[in-house]
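Put the two chains together into one complex; each comes in its own frame, and the hints tell you how they fit.
One letter stands for each residue in the lines below.
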Amino acid sequence: MSWTHEYLLYDPDAQKRRELTGLVSDFQRFSIHDGPGIRTIVFLKGCPLHCAWCANPETISPRPEIMLIPHNCIGCRKCIEVCPSGCFGEADGIVNSIDRDMCLLPECGKCQRVCYANAVNISGRYLTVAEVMDVVLLDREFYDRTGGGITFSGGEPFAQPAFLKELAQTAKVLKLHTAVETCGHVSWNVFSSVLDYLDIVLYDLKHMDPDRHLQGTGVGNHLILENVRRVAASGKPIRIRLPLIPGFNDSEENIRATAEFIAGFSSLEALDILPYHRMGEPKWGQLHQDYKLHGVAPHGRERVFELADIARAYGIEVTVGG
Amino acid sequence: MASKAEAVSKKQIDVANLPGPTQRVEAIKERFIKTTPEICVERAQLITASYKVTEDLPIHIRRAKAFEKILSEMTIFIADDELVVGNQCTKPRSAPVYPEFSCKWLEAELDRLEKRTGDVFLISEDKKKILRDLFPYWDKKTSNELATSLMTPDALAAQGAGVFTVGNYYFNGVGHISVDYAKVLAKGLNGVIDEAKAELAKIDLTDPDDLKKMHFLDAVITSNEAVIAFARRFAVEAEKLAASEKSAQRKAELAEIARICRKVPAQPAESFGEAIQSFWFIQLVLQLESNGHSISPMRFDQYMYPYLEMDTSITTEKAQELLDLLYIKFSEINKVRDEGSTKAFGGYPMFQNLIVGGVDREGEDATNDLSFMCLQATANTKLYQPSISIRVHSNTPAELYKKAAEVSRLGLGMPAYYNDRFIIPALLSRGLTREDARDYGIIGCVEPQVAGKTEGWHDAAFFNMAKVLELALNDGVDALTGKQLGPKTGDLASFNSFDDVMKAYKTQMKNFVKLLVISDNAVDIAHGQRTPLPFLSSLVDDCMAKGKSLQEGGAHYNFTGPQGVGVGNVGDSLTAIKKLVFEDKAITLAELKKGLESDFAGVEMESMRQMLQNRAPKYGNDNEYADLIAHEGALIYCREVEKYTNPRGGRFQPGLYPVSANVPLGTVVGATPDGRKSGKALADGVSPVSGVDQAGPTASVKSVARLDHVIASNGTLLNMKFHPNALKDDRGIQNLVGVTETFFNGGGTHIQYNVIGRDTLLDAQKHPDNYQGMVVRVAGYSAFFTSLDKAIQDDIIARTEQMF
Chain G
1 MSWTHEYLLY DPDAQKRREL TGLVSDFQRF SIHDGPGIRT IVFLKGCPLH CAWCANPETI
61 SPRPEIMLIP HNCIGCRKCI EVCPSGCFGE ADGIVNSIDR DMCLLPECGK CQRVCYANAV
121 NISGRYLTVA EVMDVVLLDR EFYDRTGGGI TFSGGEPFAQ PAFLKELAQT AKVLKLHTAV
181 ETCGHVSWNV FSSVLDYLDI VLYDLKHMDP DRHLQGTGVG NHLILENVRR VAASGKPIRI
241 RLPLIPGFND SEENIRATAE FIAGFSSLEA LDILPYHRMG EPKWGQLHQD YKLHGVAPHG
301 RERVFELADI ARAYGIEVTV GG
Chain H
1 MASKAEAVSK KQIDVANLPG PTQRVEAIKE RFIKTTPEIC VERAQLITAS YKVTEDLPIH
61 IRRAKAFEKI LSEMTIFIAD DELVVGNQCT KPRSAPVYPE FSCKWLEAEL DRLEKRTGDV
121 FLISEDKKKI LRDLFPYWDK KTSNELATSL MTPDALAAQG AGVFTVGNYY FNGVGHISVD
181 YAKVLAKGLN GVIDEAKAEL AKIDLTDPDD LKKMHFLDAV ITSNEAVIAF ARRFAVEAEK
241 LAASEKSAQR KAELAEIARI CRKVPAQPAE SFGEAIQSFW FIQLVLQLES NGHSISPMRF
301 DQYMYPYLEM DTSITTEKAQ ELLDLLYIKF SEINKVRDEG STKAFGGYPM FQNLIVGGVD
361 REGEDATNDL SFMCLQATAN TKLYQPSISI RVHSNTPAEL YKKAAEVSRL GLGMPAYYND
421 RFIIPALLSR GLTREDARDY GIIGCVEPQV AGKTEGWHDA AFFNMAKVLE LALNDGVDAL
481 TGKQLGPKTG DLASFNSFDD VMKAYKTQMK NFVKLLVISD NAVDIAHGQR TPLPFLSSLV
541 DDCMAKGKSL QEGGAHYNFT GPQGVGVGNV GDSLTAIKKL VFEDKAITLA ELKKGLESDF
601 AGVEMESMRQ MLQNRAPKYG NDNEYADLIA HEGALIYCRE VEKYTNPRGG RFQPGLYPVS
661 ANVPLGTVVG ATPDGRKSGK ALADGVSPVS GVDQAGPTAS VKSVARLDHV IASNGTLLNM
721 KFHPNALKDD RGIQNLVGVT ETFFNGGGTH IQYNVIGRDT LLDAQKHPDN YQGMVVRVAG
781 YSAFFTSLDK AIQDDIIART EQMF
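The listed protein sequences correspond, in order, to chains G and H. Counting from 1, one number per residue, gives the positions in the first sequence under the working numbering. Counting from 1, one number per residue, gives the positions in the second sequence under the working numbering.
No false leads were slipped in.
Pairwise CB distance ranges (calculated): (1) G:E81 / H:K402: 56 to 62 Å; (2) H:T588 / G:G147: 48 to 54 Å; (3) G:V190 / H:D360: 57 to 63 Å; (4) G:H277 / H:T645: 57 to 63 Å.
Everything labelled a hint here was simulated from the structure, so no lab data went into it. Quick caveat: nothing in here was measured; it's all calculated off a predicted structure. Backbone N, C-alpha and C fix where the C-beta goes; we use that ideal spot for every residue, glycine too.
If we strip away everything but chain H, and leave its shape as in the complex, we get (with noise of 0.2 Å):
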């Protein structure tokens, strides 16, 4: 038995052996599984009702109003057996409606959500006609409909041919952001509330950058104070249940769920459970404010943990089960998109990534026992969110490693493995200072940053370079519409060398990333113009200090982060060309391009597309000539991208990875010279194109680990999929961390293990009633399998099986 003096001075908690899901959890998971999601119209009445009245309020001022007037009156409800409380709508699993970043969409396809083949949506006759007569109102008043006029004509054609989608900005609010939890945590809201009034009186009002400034502190306090009120909207909801309430022990949970929610997030948590409760508050409303996907915890573990530590009532069994039942709260946070985009993002993700270990800010292991206790939540509820991730570095322990690939062993794709040795000098590079670089989580899928300082913008758009290189080598027409859409670069049969196919693919890349990035700058105006989001710039430094919001650049650092995809495409079509065409001499370049415009139509022209694909070298075989050329394909649009500059002051920094974009954005790519038939998907992230990557994985990952991921300082994606036999015991899990680590020793900053057999898969797509919470990861996240499109369903199966 511990001593005294020990149980006090430190929790003692046995990570080695957590409690698994309690009555409670299992309950109410199950109850979750059971709800179809909906459409929720409440959010879009109020804030319709708040945008007429306030027309005549700065812009600040209006959003705040319209975030009070939805938090105050929208539908509250405190489930059955919950213990962890806070509702996105009038029931868990639907969406709300936003409205003011566009509807023209949603108003179009209000009769499609229930019948589309992914990520459907229930919604009656009475809430569409309640839509149908609101959405008029916000004709011309969009963030999307602001952006499009400030694009270029050239701009919009390229986004028409798919060369590149700016789709979720453009339509959605940005989320990608991880606020400054350990603030509110520690100081409460009032604190944030007296920083503002402290900003405030520091004002001179005869400077007009100042007026400006007022009216954003105003709207801060506003929205800080509306959220304070919505926390106690639910203390009076609890109280009011516990006046009826027969069993005593669910009164007495109703009366501390009523003393939490009068006291957090307003005032300082002082325990676990206060803690949590005022974590969950602010992810919720976060996203209330604004449909942003990917409002990410992030170093959950550690700003957590003092709270679990300074708990000396708390027993490990309760403290688990309250994590739990976050969890679950995660995934009841939803949030609809149009058709298209439920193709690159499908099953109902919301990207919340919580992450654990890696090392502090001052470089030491920061592994504690909420580290391994977060794992064991997955473990325990094995739903979708949040999204996990675990940072790895020289010194993570054996026994988190261990951990970790336990979870990655139940198949939920998860967690996500992270490389310190090489993202925080990515980071480094980017401007950001060594102790901030050192903690460092993830947003989304990917996307490394700093919390509470960063607007990393980092879903900015996915870049179709296997578009641009069908561009280069068809004189810049569109090979699908036979439109002149880039710059004239040469006919394919004229070229002389391999060098002057390069310098065609060069020409393209830098004309359509700049047409990328006029679009990029033209929603990220949009969105500081029309929808600023001050209780969310209220989290994040240096925005009270600036006085500004994030969206006119108020953080400490701002990036624009656009994703190229196809790199296996691009690379393995440039070395069938230099190797078949220029060096084997066994195709002549007016022979690709009778096979390229063919779609390899006939028996020759079938031949030769046999022997692009059988005869020259693969990307992600482990072959050096092939990896290098992918490499080089990748960096090209690397370099170009980081040339630029966004409107918040912040640069452009590229990502190589595709969410599930890479089966939308192949359909609009014809022919490639890898033998890949026009329409067919692309590759998967940094993955090697689907079935060739012959040689095994760890010639993968030898070759994947040939990339620059530093550059790509935005994220790289690399799954990998294992036959659950693989990792069936002790020495599967020793398996998997050394495919990790050598992965990571090479260069690697990602890896992610999807562990279900191919049949289950195939069996799931006949009998899906019977997978109804089955978990796969996609692409940067998990999803249920049955919820997905057959189109992304067909492409997971094909993913190279690893045979055991």
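Pulled out of the complex, with its shape left as it was, chain G reads as follows (with noise of 0.2 Å):
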């Protein structure tokens, strides 16, 4: 958890002041791989899609949440005493457990203020766009060097359009290079309002055949291509990112269709494949939700590399891991 301190506990009044705030869910600062430079990400909370191998399950909810460490528990049992609702539950002294139907979230959090241990745990903070420029200034003098800035990510970003919308533009009222990592299920209206003050578009393709991407993520391609459509012809710089994501879409065949779809893009800077990793999946059990994806091993280097190759020759840029 990388939360400045003035951040650190979870607040249920913060979402009720009169400033419009948004739900986020991290911040990681020195981010050399999501865009130019050295950046800031912002983690926002909520995506219309539901992805087995996502990395951050926490951000797929749009409302916050627990996440449990058992490992960090010491048994100091303040949780219990203090939950109103009696949701945790406990084995050999450690609390390992949560009904989460219970729990009054957004409301209360006394939980999380008395678990020093950090087993209890939050994700989701309601932040107002100053506050949100306070921690991405901390880094300024980084991003002026490098080229870097800014980027908006999730969950994903678009799924809290008003406050997205108004992130960008005061980033641009700062000078700030912006970029945004999205899925693109999102409605053309909503993502031209934010298109002006993005400086870069990192766009997700997880799948090119419409019924495999329902399967994999909960939701058809058809509004996916026709937006990154939309995003190319206006001539905005833009990657395509493809989480390389075993039995799912490392076909040579979704390779190569993939390609072909991006490579008339004039504005295309390149095609990253990112790898698959299980660096997300103790997040899962953290949520008390199954990872689906256990046990299934990661591609070898070689293999990613094949696959780069393949896209190649269809004369476009393609990075391994961005």
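Here's what the structure looks like:
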């Protein structure tokens, strides 16, 4: 967790302020693979897709939620004592389960305040645009020296359209370089209303086949493909990102289809092939959800580079890892 | 093609495409890596024999005669394919013994040398016997024993409790110096002898001071002549080998070696090859005269460049090869330390620091072709010596910065980056002239000084700031032994405000810095009386003019630099007290006291420990509240240190770096209010406490820049660790430069990067045989990872990984 000290503790009243607030799950400073230079990523909560491989599963739900790390629990029982709804369960002196239907979030959050060991964590803070910018501006000098800036990610940043728009507008007033990472499943009206304030779009294409896309993400790809054409047609610099998921979208056929589809985009910077990794798996457990890809091995380096070469044959720039 | 006129006026070197290692370099390096360090007894035998027959002579003469005997009788050899010659021991990587500084520890540890967990040395039973037979002669005659007799009981007690250690110079030579190599290259040692003779001609023997001066100058002449004769032994050896050599090519090489060794270092160098060999003889014999480490070449690219530029016959390939071979020579130098010290100086380090770039004496950029070639040599040899560094200023060429970053990416932990913009003012504030300050280089780990005129005594002590805080929170009682060690500054539970806490910390600090100064000065005086070094002194101003050895105050600039260790722990502990006790009132002082005393035993205390750890801001996260308290905690130490004077007439100046002493110094500190449990390692240098810097490298760098690096003029040290992926392409290089520049712009003076993945390190612990050649940056230096003690290995691994 990388919360600055001001936002360390969840505040249920933060959403009730008069200013516009958004639900931020985290910041990542010194991000160097999500847009040019050194950047700060702002993770916004809520996503219309539900991908089994998601590395940030805590960003899928549009509500704050508890992430439980029993490994950190020291057995002090303070969370159990303060919880008004009795939602924690314990075994062997360690808190190891939670009844999420009984949890009072987004109200309450008392348990996190007394869990000094950080076994009970809450994903999500209601922050104003100014509060987000306070964090982002801490690294202004790094952005200026490396051509970096701010990257909106998630979740799906467009799922909080008003907040995203104001963030992006403010960032441009502050002369920050702006990037968005999107799945593209959003109405074009919303997308286009923010596009002017973005310097680059990092756009996920998870599968070219509509049925497979629906199976893997819970939505079809019609809107996604339509939007990506529109972004490309607008001339906005764009990078296509392909999270390479074993057994889902890693066939040569899909790589060829993707490369062929995007090869004509005049403002295309590159196709970034993002090799599957398992670093998000523990977080599924902390949310008490099944990780459906458990045991699936990442690709070998060689296979990833072979696929990259296949895409390169279409005359586009291809990177591995972004 | 370049015109003939251009070729004559300036060498054409394509610095963007420098040659890689030759077969010869690869073969010699391979041979080096396969050599196991051993103990070499020759030097100990020779010096003991000499001392036995010179007991009636003045100390300077005794030192010179011993030096002469060592150089004229030790075994010398020229190994296959070598072009740069000169050995320290009977075998490469072996370590000589220097009984005149101390030998009781070695006597006690002889049987442990092969068995200890780090920095292993082989030694046969025969050789052990030789040493055991000669050690009794040195009883009560060493600089170590004299130093002990000069110290006070309370100073010795503070050392015993681990409040500070003056161990390095207490048991060994001082080293930590850079001589006037340029003078040797330009005038030869014959020129140095002439200088001594000219001074001798001036003296008036009826003046009692001049009598002493005469002995010193006589010793200088004897020592310099001994070095010239030593070089000629290599000429004879080369001629002998040439006579029986079958290969015509090698025969010619040996003949050239013989020619060069007859000429230098006695006479001025007139080609790049001669300059390299002349330099090496000096670098080598300095490390036979004394075992002080950190004999640093410093601005090698500056004083060597004229010889490269003038050498119209040498190709770039040949020049690079000579440089690469010299780098392997640097790595062949070794030193045996006591087992305790290997935990603070793990990995056979010799700290020979070579720095490139920076501004010249007039303030203009000093970068030249050799600056690039020196970095290339590190890439070609991938060894841990010399410690390579780069000076960075506002007009550092982008190409040099990029070259340095490319070397950083190799994962050797080198080069270290130094900031002209803040180091030059720091040196000005210590009394250097503007030109001298601009001409600084780095000694050992991170210590800035100007070459050829400074006795900096940079590694004077490691001072345990966390232990001082522990004592301040425990009424001056050592939490580990229960002894009253410092003044009574009040029971923790009786403090009424954060100011009371700070007052106790300041009082304890004052007391223990005073004891530190007593201890350092005792060691300093002992070196002056028992182990003056006439050869070294002859290459540093103003020793000859003053007629005084360095050890007696002969240098133009004199300093003593003790290091504060545990900045992060002191800062985080004070922050936790201020925030959680006095502001939030979440913990009472009585509870805190109970927690510290019990080492946080039991669930309630563990819960408090978690609060201390996770609910107070921490230094290293770009949080001003915590950063400014760390700043203040360090400043209290620094201000106290700079009050004092050393026996050589110079000032004390503080540094903030631990080498790897943060691990052993942690073992003597009880639980601290930052949530650290008793005995755990302290924070490394000015780096945040391991694992608390969760906001990533940009935040760390901004926090560390908030310390006062200028007052810590003896050097500060920031270790950053990156996953190789973070630096994988040109963008990675740009980001590394961006981080460095932001840190330097904010006020940092030193930063270095470790670029090795955690998995690699864990695997290397499990399968050391597969990682024999893997170099990592430990703290102020680089070492083979597999030769480090496990605790140091663990600490390197634990340092927060900067993910990609």
